[in-house]
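Chemist: What follows is each chain in one-letter form.
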Amino acid sequence: MRSKRATFAPAAVASRSQIVIYSLLGLISLAGLADATYLTAQSLSGETMVCGGSPDCFKVLGSPYAHLGRIPLALVGAIAYFSVFSFAILAAFGYAKVRRFLLITVWSMFAVTLWLLYTQAFILHAFCRYCLFSAAMVFLLAGLIVASRPP
Amino acid sequence: MPSSKAIKSFLPFVIIGLVAALTITIGAMLYRAKRVAAVTMSEEQTVAAQATDSVHARGSADAPVTLEEFGDFQCPPCGRLAGSLQEIEKDYGARLRVIFRNFPFAIHEHAREAAYAAEAAGLQGHFWEMHDLLYREQANWSKTKDVQPLFTSYAGMLGLNLDRFKTDMSSEKVKEKVESDQNRGEALGVKNTPTIFINNQSVPPTSLNPIALRAAIDAALREKKAPE
Chain H
1 MRSKRATFAP AAVASRSQIV IYSLLGLISL AGLADATYLT AQSLSGETMV CGGSPDCFKV
61 LGSPYAHLGR IPLALVGAIA YFSVFSFAIL AAFGYAKVRR FLLITVWSMF AVTLWLLYTQ
121 AFILHAFCRY CLFSAAMVFL LAGLIVASRP P
Chain G
1 MPSSKAIKSF LPFVIIGLVA ALTITIGAML YRAKRVAAVT MSEEQTVAAQ ATDSVHARGS
61 ADAPVTLEEF GDFQCPPCGR LAGSLQEIEK DYGARLRVIF RNFPFAIHEH AREAAYAAEA
121 AGLQGHFWEM HDLLYREQAN WSKTKDVQPL FTSYAGMLGL NLDRFKTDMS SEKVKEKVES
181 DQNRGEALGV KNTPTIFINN QSVPPTSLNP IALRAAIDAA LREKKAPE
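Quick note, the sequences are listed as chains H and G, same order.
All residue numbers for the first sequence refer to our numbering, where the first residue is 1 and numbers rise by one.
All residue numbers for the second sequence refer to our numbering, where the first residue is 1 and numbers rise by one.
The reader is advised that the hints may include incorrect statements.
What the hints assert, rightly or not - Only pairs whose alpha carbons sit at most 20 Å apart, straight line, appear in this in silico DMTMM-like list of lysine to aspartate or glutamate:
(1) K59(H) / E109(G)
(2) K225(G) / E109(G)
(3) K59(H) / E137(G)
(4) K224(G) / D62(G)
(5) K191(G) / E179(G)
(6) K175(G) / D163(G)
In case anyone wonders, no lab produced these hints; they're calculated from the structure.
Only a predicted model underlies this, so the values are computations on that prediction, with no experimental measurement involved.
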């Protein structure tokens, strides 16, 4: 009987171009993770509920759309970026099975990003530069995922 | 010695673990740096607040709880809180006294003019009416390029002497009042608006919502009822 561990092991060596793409995915997700971590700290400390700290952001991050119940959306974003980073690193080391999770996570983030951009543009009429940076990172991730598709 | 294959299978998990640890550490450091430390007013600062003749206060002077707000009329969170504060004032009645201090930010184009308008209305005994009106109409005048005609029309709605209102808005007396409020805020370490003190103890930004504010007022009332 094969152990569970044996099924989650590097299946094959990733090609050179795949390693480059997965490394780029890892780096971009790290940038997104830094941004989302900053926003999470800002939200948990209450800075987004006041004026003075981040004038561009309080309108967006202080709105009800920036929270899922009591959980800041930025925290969910940080977890998503961390997941992408983890899957990208594992994929780069030959764990081919995580590629599916990588795809699901990135495309889910892409869908949420589109919704958030719509919310900022048409509901809140305000843009937060940190959120726009995050959106740019997600678009880059999606672009790389498309580029990394096997022919 | 572990083989290169074993190292290769461990390495990604080591990298992931390191990034997780680093993220949590940096996140915690950022949170600590951003969290506003609770400030308690000194006795001197408390006495200074009560001794000022021109302090704008609503509610009984003998109220067991005093809520002092540093606000900016163009600040959206202040505007959102203003409505809730009015409800709280109604519900607590004689048990709560509310003091308002101007703390206009330079990043808000019309905040200083709005503070002058409120103070000018105050010179005719209508500070709070103008205060409520400015917050209620915040979304409208904030987007206007020239706010002076709008503020004058608000003064008209409140039945003020318009010539006097216009003169007072640019008077030294009004400017000095706003300046003095701001100086007091800076001395207390106010960096954001709204900043609220309940019985001389600052309220953290995360508690600037109706539920948490009511809880803080209730706690202050309990403290007054059962002094140590």
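Chemist: Now, for every hint given, state plainly whether the structure supports it.
Modeler: Hint-by-hint comparison with the structure:
1. K59(H) / E109(G): Holds, because 16 Å separates the two Cα atoms, which is no more than 20 Å.
2. K225(G) / E109(G): 44 Å, violated
3. K59(H) / E137(G): Holds, because 17 Å separates the two Cα atoms, which is no more than 20 Å.
4. K224(G) / D62(G): 12 Å, holds
5. K191(G) / E179(G): 15 Å, holds
6. K175(G) / D163(G): Given that 20 Å is the threshold and the Cα spacing comes to 18 Å, the pair holds.
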